[in-house]
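Read in this note's numbering, the sequence shown has 353 at position 353, and its numbers run on one by one without any break.
Just to be clear, a hint being listed does not mean it is correct.
Under the rule of at most 16 angstroms between Cα atoms (straight-line distance), these lysine to aspartate or glutamate pairs were calculated in the EDC-like manner [claimed, not checked]:
| # | residue 1 | residue 2 |
| --- | --- | --- |
| 1 | K299 | D279 |
| 2 | K339 | D314 |
| 3 | K7 | D45 |
| 4 | K72 | D141 |
| 5 | K42 | E421 |
| 6 | K72 | E161 |
| 7 | K252 | E401 |
| 8 | K252 | D277 |
| 9 | K336 | D314 |
| 10 | K185 | E154 |
| 11 | K42 | D5 |
| 12 | K7 | E53 |
| 13 | K259 | D231 |
| 14 | K252 | D231 |
| 15 | K299 | E283 |
| 16 | K7 | D70 |
| 17 | K137 | D71 |
| 18 | K42 | E420 |
| 19 | K332 | E309 |
| 20 | K259 | E230 |
| 21 | K137 | D70 |
| 22 | K332 | D314 |
| 23 | K299 | D277 |
| 24 | K306 | E356 |
| 25 | K185 | E161 |
| 26 | K7 | E22 |
| 27 | K137 | D233 |
| 28 | K137 | D265 |
| 29 | K7 | D49 |
| 30 | K252 | E398 |
| 31 | K259 | D233 |
| 32 | K306 | E294 |
| 33 | K299 | E273 |
| 34 | K299 | D272 |
| 35 | K7 | E34 |
| 36 | K282 | E294 |
| 37 | K42 | D6 |
| 38 | K259 | D277 |
Derived by calculation from the structure, the hints in this document are not laboratory data.
Only a predicted model underlies this, so the values are computations on that prediction, with no experimental measurement involved.
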Amino acid sequence: MPQIDDKLAPIYEQVVRRNAGEPEFHQAVREVLESLGRVVAKRPDYLEDALIERLCEPERQIIFRVPWTDDKGQVQINRGFRVQFSSAMGPYKGGLRFHPSVNVGIIKFLGFEQIFKNALTGLPIGGGKGGSDFDPKGRSDGEVMRFCQSFMTELYRHLGEYTDVPAGDIGVGGREIGYMFGQYKRLTNRYEAGVLTGKGLFYGGSLARTEATGYGNTYFTRAMLQTGGEDFDGKTTVVSGSGNVAIYTIEKVQSYGGKVVACSDSSGYIVDENGLDLDLIKEIKEVRRGRIGEYVRLKGQGYFVKSGEGSIWDVPCQVAMPSATQNELTGKDAAKLVKNGVQAVGEGANMPSTPEAIRTFQQAGVKFGPGKAANAGGVATSALEMQQNASRDRWSFEQTEARLATIMRDIHDSCYETAEEFGAPGDYVIGANIAGFIRVAEPMRAFGVI
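Required output: the full structure, derived from the provided sequences and hints.
Okay, here's the thing in structure tokens:
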């Protein structure tokens, strides 16, 4: 296991002690601190004024009760969260996740990752994250609306286009954003379009936002391949998940000539050696809101493996793009991928690879794009949506996508060059952590001890 520099070890020990029972948050902090030893060796001044300690402590943590009534008239209680981690570079920015697994540790790990991801975009946005343990799956539109209205009734007082700007994440799509924006507008009596991103196109949303995370991961992974004179063309690719990120990752990979043969959801995964029929997947997931296994019956080809009976990473591929959830790709999975000839891994989700998996990839010379860099396309386009809202403007799909492509290329180049500068050529994890850290550390120092 990589070691934390002796000067930084007490910081990690303090994080673990003060945030007991939050292993995902510990994992996210450790992964960054393992990279920063190279920085403090060159720049010991970054150890002054508890700069790194402050970066590991959220500026504000909000936890609240969310009462709502289901369709049977029964009162339900959920818990809401918003962790406003860092505003050094701009208003807090980060999605809302509605999923039963959500707790304060999950939100803190996501918010911590968001600081560096947002810094890497080069855009003026800070880092935050939020959500609830509410599960929208199987709930009626009326139930989802009542939950979202109750959730926003508390959260709205902490938001603002210059304060904190949430977006969507797992379980929060256009429907949920619409209900929350409507309640915010009702409570504040203001049409403050820039307070939420991921909005519908008819009320301030941005073209290309839906596609942005998947497209962005593909741009980043393609740039990694191109450093070795390769491309997606003709490469067999596996994409986990089948939500928004996975769907548009598949779409963009296919546009570059890659053959995506597998994707998944919580029920299991499908394999189609002829290449996935993306139109059918969109029909199943975006229209029917069904299970991915329906693909095999409707298409009449391929096969389905139930959850728990195998791993999608057993499927041989040259490019792997984990796009579902945290820690979905284990060390064992990584070893299987390496054995089967994987050349590049681009993380479309937040921290989907375990530390053991990352080490396995790096030791085997596999190009590895960490989520804080590779999946930054979503928040980058959210920031572009904020720009359009602030200027009362609306850009074309082509204009927005071109900006996104440029941002993702810049992120790749920044990570690549920073890794070389700090003695770790080709290590995008170190490059992303150090480049993101320096960008956020400089304004923190400029502002003094706050």
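For which of the previously enumerated hints does the structure constitute a violation, in increasing order of number? Structure breaks hints 6, 16, 24, 26 and 27.
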